[in-house]
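Asks: Single-letter residue listing:
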Amino acid sequence: MNGVRILLRQPRSLVGAGILLVLLLMGLLAPLITPYDPNSLEFGPFMPLSAQHPLGTTAIGQDIFAQLLYGARLTLLVGAVAGLIATILSVTLGLTAAYVGGWVDEAINALINVFLVLPGLPLVIIAAAFLRGGGVWPVILVISLTGWAWGARVLRAQAMALRERDFVQAAVASGEGPGRIIFMEILPNMTSLIAANFFGAALYAVLSEAGLSFIGVGDVSLVTWGTMLYWAQAKGALLQGAWWWVAMPGLGIALLGTSFALLNFAIDQLGNPRLGWGSVKSPRRKLAPTPPAAGNALLAVRDLDVGYVTPQGTVRAVRKVSLDVAPGEFVGLAGESGCGKSTLAFAATRLLNPPGEVLGGSVSLAGHDLLSLTPEALRQVRWKEFSVVFQASMNVLNPVLKIREQVYDAMQAHGITDPARLDARARELFALVGIQIRYLDSYPHQLSGGMKQRVVIAIALALEPKLIVMDEPTTALDVVVQRQILQEIAEVRRRLQISIVFITHDLSLLVEMSDRVAIMYAGELVEQAPAHDLYAHPAHPYTQQLMKAFPPMTGPRERRSGIPGRPPSLSETLPGCPFFERCAVRMPGTCDVKPLETFTVGEAHTVACFLYDPAVSPATKELALSHALNPVIAKEVQLESVPNSALH
Amino acid sequence: MSYLLRKLVILVFTLWMAATLNFVLPRLVPGDPVSVMLAKYQGRLDPSAVDALKIAYGLNDLGSPVAQYFSYLGQLLRGDFGRSISLFPTPVADVIGQALPYTLGLVGITTILSFLLGSALGLYSGWRRGRPVADGLTPVALFLNSMPYFWFALLMLYIFAFKLRWFPLGGALDPFPGPNFSSGWWSSLLRHAVLPMFTILVTSVGGWLLTMRNNVVSVTSEDYLAFARAKGLTERRILSRYVLRNALLPSFTSFGMALGFVVGGSILTEIVFSYPGLGFYLYQAVVGLDYPLMQALFFIIALTVLAANFAVDLLNVLLDPRIREGRT
Numbered sequence: 001m002n003g004v005r006i007l008l009r010q011p012r013s014l015v016g017a018g019i020l021l022v023l024l025l026m027g028l029l030a031p032l033i034t035p036y037d038p039n040s041l042e043f044g045p046f047m048p049l050s051a052q053h054p055l056g057t058t059a060i061g062q063d064i065f066a067q068l069l070y071g072a073r074l075t076l077l078v079g080a081v082a083g084l085i086a087t088i089l090s091v092t093l094g095l096t097a098a099y100v101g102g103w104v105d106e107a108i109n110a111l112i113n114v115f116l117v118l119p120g121l122p123l124v125i126i127a128a129a130f131l132r133g134g135g136v137w138p139v140i141l142v143i144s145l146t147g148w149a150w151g152a153r154v155l156r157a158q159a160m161a162l163r164e165r166d167f168v169q170a171a172v173a174s175g176e177g178p179g180r181i182i183f184m185e186i187l188p189n190m191t192s193l194i195a196a197n198f199f200g201a202a203l204y205a206v207l208s209e210a211g212l213s214f215i216g217v218g219d220v221s222l223v224t225w226g227t228m229l230y231w232a233q234a235k236g237a238l239l240q241g242a243w244w245w246v247a248m249p250g251l252g253i254a255l256l257g258t259s260f261a262l263l264n265f266a267i268d269q270l271g272n273p274r275l276g277w278g279s280v281k282s283p284r285r286k287l288a289p290t291p292p293a294a295g296n297a298l299l300a301v302r303d304l305d306v307g308y309v310t311p312q313g314t315v316r317a318v319r320k321v322s323l324d325v326a327p328g329e330f331v332g333l334a335g336e337s338g339c340g341k342s343t344l345a346f347a348a349t350r351l352l353n354p355p356g357e358v359l360g361g362s363v364s365l366a367g368h369d370l371l372s373l374t375p376e377a378l379r380q381v382r383w384k385e386f387s388v389v390f391q392a393s394m395n396v397l398n399p400v401l402k403i404r405e406q407v408y409d410a411m412q413a414h415g416i417t418d419p420a421r422l423d424a425r426a427r428e429l430f431a432l433v434g435i436q437i438r439y440l441d442s443y444p445h446q447l448s449g450g451m452k453q454r455v456v457i458a459i460a461l462a463l464e465p466k467l468i469v470m471d472e473p474t475t476a477l478d479v480v481v482q483r484q485i486l487q488e489i490a491e492v493r494r495r496l497q498i499s500i501v502f503i504t505h506d507l508s509l510l511v512e513m514s515d516r517v518a519i520m521y522a523g524e525l526v527e528q529a530p531a532h533d534l535y536a537h538p539a540h541p542y543t544q545q546l547m548k549a550f551p552p553m554t555g556p557r558e559r560r561s562g563i564p565g566r567p568p569s570l571s572e573t574l575p576g577c578p579f580f581e582r583c584a585v586r587m588p589g590t591c592d593v594k595p596l597e598t599f600t601v602g603e604a605h606t607v608a609c610f611l612y613d614p615a616v617s618p619a620t621k622e623l624a625l626s627h628a629l630n631p632v633i634a635k636e637v638q639l640e641s642v643p644n645s646a647l648h
Numbered sequence: 649m650s651y652l653l654r655k656l657v658i659l660v661f662t663l664w665m666a667a668t669l670n671f672v673l674p675r676l677v678p679g680d681p682v683s684v685m686l687a688k689y690q691g692r693l694d695p696s697a698v699d700a701l702k703i704a705y706g707l708n709d710l711g712s713p714v715a716q717y718f719s720y721l722g723q724l725l726r727g728d729f730g731r732s733i734s735l736f737p738t739p740v741a742d743v744i745g746q747a748l749p750y751t752l753g754l755v756g757i758t759t760i761l762s763f764l765l766g767s768a769l770g771l772y773s774g775w776r777r778g779r780p781v782a783d784g785l786t787p788v789a790l791f792l793n794s795m796p797y798f799w800f801a802l803l804m805l806y807i808f809a810f811k812l813r814w815f816p817l818g819g820a821l822d823p824f825p826g827p828n829f830s831s832g833w834w835s836s837l838l839r840h841a842v843l844p845m846f847t848i849l850v851t852s853v854g855g856w857l858l859t860m861r862n863n864v865v866s867v868t869s870e871d872y873l874a875f876a877r878a879k880g881l882t883e884r885r886i887l888s889r890y891v892l893r894n895a896l897l898p899s900f901t902s903f904g905m906a907l908g909f910v911v912g913g914s915i916l917t918e919i920v921f922s923y924p925g926l927g928f929y930l931y932q933a934v935v936g937l938d939y940p941l942m943q944a945l946f947f948i949i950a951l952t953v954l955a956a957n958f959a960v961d962l963l964n965v966l967l968d969p970r971i972r973e974g975r976t
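The listed protein sequences correspond, in order, to chains V and Z. Under the working numbering, the first residue of the first sequence is numbered 1, with each subsequent residue one higher. Under the working numbering, the first residue of the second sequence is numbered 649, with each subsequent residue one higher.
By construction, these hints were calculated from the structure, which means they are not laboratory data. Check the hints yourself; a few may be wrong.
Listed next, the in silico SDA-like pairs over lysine to any residue satisfying Cα-Cα at most 25 Å (straight line) [said to hold, decoys possible]: (1) V:K235 x Z:G936; (2) V:K466 x Z:F815; (3) V:K384 x Z:R884; (4) V:K384 x V:A490; (5) Z:K811 x V:K384; (6) V:K235 x Z:F815.
With beta-carbon atoms standing in for the labels, derived distance ranges [unchecked claim]: (7) V:A170 x Z:P780: 28 to 36 Å; (8) V:I6 x Z:K811: 57 to 65 Å; (9) Z:S835 x V:P419: 21 to 29 Å; (10) Z:Q746 x V:P311: 55 to 63 Å; (11) V:S337 x Z:P780: 35 to 43 Å; (12) Z:P780 x V:T374: 34 to 42 Å; (13) V:Q169 x Z:I757: 47 to 55 Å; (14) Z:V788 x V:A170: 44 to 52 Å; (15) Z:R970 x V:V4: 38 to 46 Å; (16) V:T314 x Z:L967: 36 to 44 Å; (17) Z:F808 x V:L8: 37 to 45 Å; (18) Z:R972 x V:G449: 18 to 26 Å; (19) V:E464 x Z:R884: 24 to 32 Å.
From the structure, some residues in chain V lie toward chain Z, with a derived Cβ separation under 8 Å [stated by the list, open to error]: (20) A127; (21) L203; (22) V217; (23) G257; (24) N353; (25) H414; (26) L486.
We put the beta carbon where it would ideally sit given N, CA and C, even for glycine.
Using the sequences provided together with the hints, build the complete structure.
Replies: Shown next, in the form of structure tokens:
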């Protein structure tokens with residue numbers, strides 16, 4: 001299994017598994033390691049440590065080392081079996097609640113809540129006191145019955161989330177039975193959670209057993225690490241100075257518990273990579289100083305390489321992208337989901353979180369070399385020179401602070417501390433984006449999505465930055481609100497002469513609003529042109545396809561066509577053009593072998609396509625165009641673009 | 649306040665479950681507990697104690713189990729837990745009244761200290777992820793969290809009370825500490841409390857650390873944190889207003905579940921240090937087969953834990969505006 005392989009690469013799960021293995025071997029190989037029976041009374045009481053008795057003897061003359069080895073057996077058994085039963089209970093109850101729903105869910109959930117807050121150990125003690133004397137099984141049973149609730153809660157929540165997912169819904173719709181859905185669709189997606197839960201329950205079981213044995217409920221005639229501690233305490237081991245009689249079994253329990261906890265954590269992390277142990281601070285890059293940006297560009301991104309470093313390898317999400325933004329310019333950045341446009345924005349503003357990492361290139365903004373600024377210098381540049389409006393602005397505001405504080409703190413961080421000035425500016429900003437002043441004293445959850453977005457835009461304008469990066473700022477909003485907000489953005493920008501980088505997958509929107517449009521595909525910037533030029537003469541086959549995918553506002557109705565195929569995986573290293581597989585006019589032997597290059601096809605119009613490569617023979621291009629899979633595209637390339645490229 | 653109302657309903661429901669478990673458990677045992685005890689005490693038991701026992705278990709009551717159940721609930725509501733067998737004829741309520749302040753003082757104060765210390769360390773560990781100390785705290789916390797409380801208590805007792813004689817071997821006060829609340833009394837109380845407190849602190853701090861660290865890590869990947877960074881806020885501001893506030897909330901929510909575990913461990917700690925709190929008497933009750941005391945103690949422990957939980961819920965309302973509005 002893939003998960004197991006990843007686990008074995010982590011030092012912590014390795015240590016956990018290692019400890020568990022050693023303890024297991026101790027129990028299994030006990031007869032080989034020690035010649036003594038853990039229960040025989042053949043030696044003198046309280047014998048000191050010696051070669052013959054590495055841990056001395058008990059008050060009644062048993063060999064402590066032998067007891068420690070044999071004690072591992074029952075201790076592990078209790079942990080494993082009680083953990084298993086508790087897990088089975090958790091899975092059964094959690095899944096039943098999530099799957100059946102209705103009053104069954106209500107009832108199970110109430111039961112879970114009760115068992116979560118009932119103090120477990122006292123309950124176990126009472127229950128075991130009534131069931132005492134029956135060997136190890138009543139203890140296991142009682143522990144399992146009190147240890148399932150936490151797991152059931154987690155699994156119920158996960159199963160409910162899974163139940164809403166498409167593939168489960170599809171299975172329900174196709175008439176699969178509940179058993180099949182649970183066992184074939186839901187359970188396989190919860191294995192890591194269930195495994196983590198097992199180790200958590202086993203930890204609880206081992207500690208509970210130790211506690212129970214220690215106070216003498218449970219069966220103290222058995223040899224477990226817990227009962228060893230019971231006898232050590234009962235016979236006054238510490239008063240006799242035989243501290244090792246107490247220390248060793250307890251250490252065994254603590255180590256076993258640690259190994260369970262390590263495995264629990266490591267497996268948990270498989271399902272929830274955010275909990276990773278790794279570093280969160282992206283290291284400041286030590287690069288050669290950036291050459292000053294060409295011309296008068298406000299933002300100059302040069303050969304930016306960005307990747308996500310994962311255990312499976314590095315995913316190169318942005319590949320040698322260069323992009324300039326002039327002062328006051330509105331630049332649109334478009335592409336399909338997953339093409340790297342958001343990653344580009346985050347990396348260029350140094351907001352990328354691990355595992356994302358800038359692998360090369362430079363970003364210069366208003367004279368600052370952004371990627372090599374010290375944290376404090378970066379902090380001062382942020383918001384003053386450039387601000388950012390995020391994609392998911394639903395969650396961008398801190399839920400526990402009032403809006404007012406979140407508007408203020410951006411300004412306070414940059415030296416505006418006078419309360420009157422802060423208040424005046426906040427009012428000004430709210431008026432600018434069209435929200436009532438009274439919402440300043442609301443909490444984020446009291447605002448609608450559209451209002452939150454306006455608040456975020458107001459905050460972004462607070463210090464009148466030179467540049468605002470907007471990452472799909474309106475995608476989550478309904479069309480009417482979207483339009484209003486876009487109009488406000490356009491107006492504010494014109495009034496304040498702010499540059500905007502606007503990221504979206506909505507090309508029609510960009511063509512309408514932008515001065516210049518850049519198209520990304522599979523981490524590459526494939527075309528850049530003035531908006532009107534791009535609209536009239538899209539040069540890259542991918543751009544042409546994108547244009548086909550949305551209807552024009554005027555003109556006859558036509559059938560819209562999508563782009564067949566999918567973008568290549570970003571973890572691959574592609575020798576040639578990333579669009580090759582999906583391209584209707586590809587040139588085998590050229591596009592799939594030559595490293596991608598960018599060609600200029602017009603005034604400020606560049607494209608990364610070999611159809612415009614003067615080094616490729618016209619015959620090859622003709623051949624590709626005549627073989628085109630889609631006649632509409634072939635025509636367009638032929639009529640519009642090829643002659644254009646021939647000029648250069 | 650639908651949130652608090654719901655919490656209150658769960659609290660009452662849980663208490664009722666605890667009471668019902670108390671009622672059902674003795675009746676699940678093959679034979680009846682009274683004859684088990686009679687056999688154990690082999691006629692040394694006071695006849696009036698036998699009567700008290702029979703009353704406690706409704707064995708003198710020939711009514712239906714349902715009628716027995718309701719009269720049991722009625723007694724419970726009046727705070728009538730019957731009489732202790734091992735300390736006959738002391739009423740169980742008196743024993744609890746004596747023990748409760750010690751447990752509340754010891755476990756209550758230590759739990760709050762441990763929560764604060766653990767959360768502070770967890771905040772550091774989560775926020776400074778990638779540094780050796782911050783990352784090293786996690787395995788240490790895992791180990792501390794996996795130690796049996798009573799084992800660590802025994803080691804502390806051995807080293808600091810038995811070997812070094814820095815602290816008393818057990819109990820809560822010296823035999824003659826002076827008048828109540830005098831300075832001598834306080835210093836005696838404190839000296840007796842140091843080792844149990846330290847034990848509970850060390851063994852429970854790891855849990856809070858891990859919880860807080862996880863919360864901090866999830867808050868770190870929230871969009872509002874990226875936004876706060878993008879705004880150029882100072883580290884201190886981000887940490888106090890954005891990370892801490894939001895990471896503490898789930899910590900509070902899991903407080904209740906962890907509390908049950910801490911209380912369980914504290915019970916064992918009390919036993920080791922012969923600290924005369926609820927746990928110590930629970931042990932005495934288990935050893936002496938004193939079922940009425942045992943059940944009353946379980947009920948009171950459950951009640952205390954639930955009350956603490958409810959207090960935390962109240963605090964949650966103050967800290968989270970979303971809950972204040974009735975959204976959860």
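Asks: Checking one constraint from the list: CA of K235 of chain V to CA of G936 of chain Z, max 25 Å. Satisfied?
Replies: 19 Å, holds
Asks: The hint names V217 of chain V as touching chain Z; please verify it with the least Cβ-Cβ distance against 8 Å.
Replies: 6 Å, holds
Asks: In this structure, is the beta-carbon distance linking Q169 of chain V and I757 of chain Z contained in 47 to 55 Å?
Replies: 52 Å, holds
Asks: Is 28 to 36 Å respected by the C-beta to C-beta distance linking A170 of chain V and P780 of chain Z?
Replies: Hint violated: Cβ distance 48 Å, outside 28 to 36 Å.
Asks: Next pair to validate is K466 of chain V with F815 of chain Z; report whether the Cα-Cα distance is within 25 Å.
Replies: 67 Å, violated
Asks: Check whether the Cα positions of K811 of chain Z and K384 of chain V lie no farther apart than 25 Å.
Replies: 64 Å, violated
Asks: Taking the least C-beta to C-beta distance, is H414 of chain V closer than 8 Å to chain Z?
Replies: 6 Å, holds
Asks: Starting from the range 18 to 26 Å, see whether the pair R972 of chain Z and G449 of chain V falls in it by beta-carbon distance.
Replies: 21 Å, holds
Asks: Is 44 to 52 Å right for how far apart the beta carbons of V788 of chain Z and A170 of chain V are?
Replies: 47 Å, holds
Asks: Is the hint on L486 of chain V kept, meaning its closest Cβ partner in chain Z is under 8 Å away?
Replies: Since the shortest Cβ distance to chain Z is 21 Å, the answer is violated.
Asks: How about A127 of chain V: closest beta carbon in chain Z under 8 Å, or not?
Replies: Interface hint status for A127 of chain V: holds (6 Å vs cutoff 8 Å).
Asks: K384 of chain V and R884 of chain Z: Cα distance at most 25 Å?
Replies: 19 Å, holds
Checked against the numbered hints given earlier, the structure breaks hints 2, 5, 7, 8, 9, 12 and 26 and satisfies all the rest.
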